[in-house]
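As a plain string of letters, each chain reads:
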Amino acid sequence: MKLLTTLMGAAALVGVSTFANAQANPALIFDLGGKFDKSFNESSYNGAERFREETGIDYREFELQSDAQREQALRRFAQQGNNPVVVAGFSNATAMSIVAAEFPDTDFVIIDMVVDAPNVRSVVFAEHEGSYLVGLLAGMASATDTVSFVGGMDIPLIRKFECGYFQGARAANPDITLIGNMTGTDGSAWNNPVKGGELTMAQIESGSGVVFAAAGGTGRGVLQAAADAGILAIGVDSNQNFMQPGTMLTSMLKRVDVAVFNAFNDVNNGEFTTGIVAMGLAEDGVGWALDEFNEGLITDEMRVAVTAAREAIIAGDIVVHDYMSDGSCPVE
Amino acid sequence: MNNGIPKWVDVVLIPLLSLILAFMVSGLVVLSIGKDPIQAIKLMVYGAFRLNDGIGPTLYYTTSFIFTGLAVAVAFHAKLFNIGGEGQAAIAGVGVTLIMLAFDWPHWTIALFVGVIAAAAFGAAWAAIPAYLQVKRGSHIVITTIMFNLIAGSVIAYLLVGPLQASGSLPESSRFPSAASLPTLHDILAVVGINFDRFSDANITFFIALLAAFFVWLLIWKSRLGYEIRVFGNSDKAAVYAGISPVKITMIVMLISGALAGLMAVNTVQGQAERLVLGAVEGAGFIGIAVALMGRNHPVGIVLAAFLFGALTQGGVELQFEMQIPSQMVIVIQALIIMFTGSLENLVRMPVERLFSRFKKGAV
Numbered sequence: 001m002k003l004l005t006t007l008m009g010a011a012a013l014v015g016v017s018t019f020a021n022a023q024a025n026p027a028l029i030f031d032l033g034g035k036f037d038k039s040f041n042e043s044s045y046n047g048a049e050r051f052r053e054e055t056g057i058d059y060r061e062f063e064l065q066s067d068a069q070r071e072q073a074l075r076r077f078a079q080q081g082n083n084p085v086v087v088a089g090f091s092n093a094t095a096m097s098i099v100a101a102e103f104p105d106t107d108f109v110i111i112d113m114v115v116d117a118p119n120v121r122s123v124v125f126a127e128h129e130g131s132y133l134v135g136l137l138a139g140m141a142s143a144t145d146t147v148s149f150v151g152g153m154d155i156p157l158i159r160k161f162e163c164g165y166f167q168g169a170r171a172a173n174p175d176i177t178l179i180g181n182m183t184g185t186d187g188s189a190w191n192n193p194v195k196g197g198e199l200t201m202a203q204i205e206s207g208s209g210v211v212f213a214a215a216g217g218t219g220r221g222v223l224q225a226a227a228d229a230g231i232l233a234i235g236v237d238s239n240q241n242f243m244q245p246g247t248m249l250t251s252m253l254k255r256v257d258v259a260v261f262n263a264f265n266d267v268n269n270g271e272f273t274t275g276i277v278a279m280g281l282a283e284d285g286v287g288w289a290l291d292e293f294n295e296g297l298i299t300d301e302m303r304v305a306v307t308a309a310r311e312a313i314i315a316g317d318i319v320v321h322d323y324m325s326d327g328s329c330p331v332e
Numbered sequence: 001m002n003n004g005i006p007k008w009v010d011v012v013l014i015p016l017l018s019l020i021l022a023f024m025v026s027g028l029v030v031l032s033i034g035k036d037p038i039q040a041i042k043l044m045v046y047g048a049f050r051l052n053d054g055i056g057p058t059l060y061y062t063t064s065f066i067f068t069g070l071a072v073a074v075a076f077h078a079k080l081f082n083i084g085g086e087g088q089a090a091i092a093g094v095g096v097t098l099i100m101l102a103f104d105w106p107h108w109t110i111a112l113f114v115g116v117i118a119a120a121a122f123g124a125a126w127a128a129i130p131a132y133l134q135v136k137r138g139s140h141i142v143i144t145t146i147m148f149n150l151i152a153g154s155v156i157a158y159l160l161v162g163p164l165q166a167s168g169s170l171p172e173s174s175r176f177p178s179a180a181s182l183p184t185l186h187d188i189l190a191v192v193g194i195n196f197d198r199f200s201d202a203n204i205t206f207f208i209a210l211l212a213a214f215f216v217w218l219l220i221w222k223s224r225l226g227y228e229i230r231v232f233g234n235s236d237k238a239a240v241y242a243g244i245s246p247v248k249i250t251m252i253v254m255l256i257s258g259a260l261a262g263l264m265a266v267n268t269v270q271g272q273a274e275r276l277v278l279g280a281v282e283g284a285g286f287i288g289i290a291v292a293l294m295g296r297n298h299p300v301g302i303v304l305a306a307f308l309f310g311a312l313t314q315g316g317v318e319l320q321f322e323m324q325i326p327s328q329m330v331i332v333i334q335a336l337i338i339m340f341t342g343s344l345e346n347l348v349r350m351p352v353e354r355l356f357s358r359f360k361k362g363a364v
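Read top to bottom, the protein sequences are chains A and B.
The opening residue of the first sequence carries number 1 in my numbering; numbering runs sequentially from there.
The opening residue of the second sequence carries number 1 in my numbering; numbering runs sequentially from there.
Since the hints were made in silico from the structure, they are not lab data.
Positions of the beta carbon are idealized from the N, C-alpha and C atoms, including for glycine.
It cannot be assumed that every hint is accurate.
What the hints assert, rightly or not - Just a few of them, taken from the derived set where beta-carbon distance is under 10 Å, the chain B residues facing chain A:
1. Ala157
2. Val161
3. Gly162
4. Ser200
5. Gly279
6. Ala284
7. Pro326
Stated by the list, open to error - In silico BS3-like pairs for lysine-lysine, Cα to Cα no more than 30 Å straight-line:
8. B:Lys35 x A:Lys35
9. B:Lys42 x A:Lys35
10. B:Lys248 x B:Lys136
11. B:Lys248 x B:Lys222
12. B:Lys237 x B:Lys79
Just chain A, with the same shape it has in the complex (with noise of 0.2 Å):
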């Protein structure tokens, strides 16, 4: 017993002594799927390695193999004395709300999900912004009166994308007709490109000139039906212009790397603030994509009136209407 109380004495102390002077000492967990994931994992990853570039800070991360290891890993981190401790990912929720109260004086920040804890930030995005956008864009480009919309699952967050794009295509054009449809109700709808492409088909058949599609993995077959069928579309979440070139409009971005960049520089200059962020247009927090494969789509008139809407939004004189603040829209 004597012995055990030692040991465990002597593995305390070697965990205090690798507490570091830096101000910032920050510390990424990976949610199950990887670093390299081409979407979630790897745009944090990306802010992070901004960050690490920008400062020469160095930032410590880890990969979750399991669910059981989400505590373990806030904790270890805070425990080590990292700050801030950033975590991407809804699933995290509740071993954060655990570990937080354990641990007061580390800051934690957890991207798209809400926890209420003096000493964590919870990040969320203003994906309705960024929809309304390529809205606009999309009611400007369509040669046919007529836009559309395919979703994953039929979950508000989607509705809110749709609600957003709805609202600035109407803004574009107030006779435009809109079509909206969601692959399902479960999650196989995040992975199912060719029911996808079967909704943009049908889409295209009454009159759709541009998809948006807000459906991970699906999404891959409606870009794939658009560009078949020669109508523009627009990807979501990264920079999916590349994806099929000549036929994206634009995408809808959501910088969860500006999130993680954002929690990591704020500790460092002693900026940093709890309670809840909504990345909105005014924080780059969402936005669209132009590059060398879109550029010839968007004339200049396009980019003269999505400059001028996104600033209006940031402004405060055009509000759009978030779908999940009532669970309603607007437009129809």
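Dock chain B against chain A, hints included.
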């Protein structure tokens, strides 16, 4: 079969030498990514066995691996290759969840007892279908069990965004009633005055795993059914000649195997998460194959091999935390161990045997 080498050489020395070889090659891999292999080994051992936060997770993983290892071993004694442990454990998790959410449990002992039965029953049921297809339709069990892993994954994905989903947007079931919460090793050891890692997920299921290992030993070597299983495994023709029904043996063996794999859910779903989440099994079903291979399908060997793989998993976590060595590295090390102890076993065995036979001649 032993070619005259002592039993301890066969059971202890050869696996140990293979293990050392595997670690040496792993060291080279660590070196090749520019990290210090000696420090890596130290960290892995330290991380896996450290008293305040290492041995707890190690024992938690060990518990799961014992169950899945036993599941593979029991089937293997009848020369059936059950690689469906992953799916059987996943479906068993559904069974545990359904029963835990169905009642207000008065005490954890009852919840544990019922949880064990539910996990075993659902695991066995999921194994029964491939077993039936094998004996009646001749569909090979390797193919069907691996297909059933995928089906199980889809079933759970459906349940967690549909009927079993708790309110909210997370793909998770509701939390089990707190009275059903199993005692952790921290709770148990506190009774005898030991202050064990209070955050670890290791729980009472560890002892059930040891009991299951004992049960498998009784079954395979001390029971009539076990004898029939071994006869069938060694020669199905002889088994038929001796009046043993292949249909009966295949079905029974697969039911037991599926039940053992299913028991893993008591550890993960009931003991750790206390709710059903996506991906609760996390590859333990497949690691069970390696554990059975390394443990030579003997319960004692399986418990030891499960402990080794549990330590490797937790040690790998430590490598990631402290040296930022990617988690894939530990999979490489595990693969090397499987390679050296399994397929490359003769690399060590033959020289050792030669050495011993020369030694013997010299002595005589």
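**OP:** Taking the numbered hints from earlier one at a time, note which ones the structure violates and give those numbers from smallest to largest.
**Re:** Per hint list: zero violations.
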